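Trainee: Sequence:
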Amino acid sequence: QWTQVGLPLMGLPGRSVFTGVGEGDVGRVPLGAQLVAGRYREDVLLEAAAAIEARGEAIGVVTPG
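Going letter by letter, the sequence shown gives residues 4 to 68 in our numbering.
None of these hints come from the bench; they were simulated from the model.
Computed from a predicted structure; not experimentally measured.
Note that beta-carbon positions come from the ideal geometry of N, C-alpha and C, so glycine has one too.
Hints should not be assumed to be uniformly reliable.
[Unchecked claim] Listed next, with one range per pair, are the computed distances between beta-carbon atoms: (1) 66 x 22: 17 to 25 Å; (2) 18 x 60: 14 to 22 Å; (3) 61 x 18: 17 to 25 Å; (4) 47 x 26: 29 to 37 Å; (5) 65 x 28: 29 to 37 Å; (6) 38 x 63: 18 to 26 Å; (7) 53 x 31: 20 to 28 Å; (8) 68 x 10: 34 to 42 Å; (9) 45 x 66: 14 to 22 Å; (10) 46 x 11: 29 to 37 Å.
With the sequences and hints as input, model every part of the structure.
Mentor: Structure representation (structure tokens):
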């Protein structure tokens, strides 16, 4: 949990992005990545997140079974 506390205290912006769906022990599971940028570089962070999300598969709606 240090990244949840340490990064904001250091002023580093972060964002998580959806990267796809993989096979896990309990079936299909969502996969993602956490991106961290330098101080005051939200612009780089948002550009990287948009590029990753554009190359991945679209997030679908889950219908409970």
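Trainee: Hint by hint, say whether it matches the structure.
Mentor: Comparing the hints with the structure gives:
1. 66 x 22: 17 to 25 Å: holds (22 Å)
2. 18 x 60: 14 to 22 Å: Holds, at about 18 Å.
3. 61 x 18: 17 to 25 Å: holds (18 Å)
4. 47 x 26: 29 to 37 Å: Since the Cβ atoms of residue 47 and residue 26 sit about 32 Å apart, the hinted range of 29 to 37 Å holds.
5. 65 x 28: 29 to 37 Å: violated (18 Å)
6. 38 x 63: 18 to 26 Å: holds (22 Å)
7. 53 x 31: 20 to 28 Å: holds (25 Å)
8. 68 x 10: 34 to 42 Å: holds (37 Å)
9. 45 x 66: 14 to 22 Å: Between residue 45 and residue 66, where Cβ atoms are some 35 Å apart, the hint is violated.
10. 46 x 11: 29 to 37 Å: violated (18 Å)
Of the numbered hints listed earlier, those contradicted by the structure are 5, 9 and 10.
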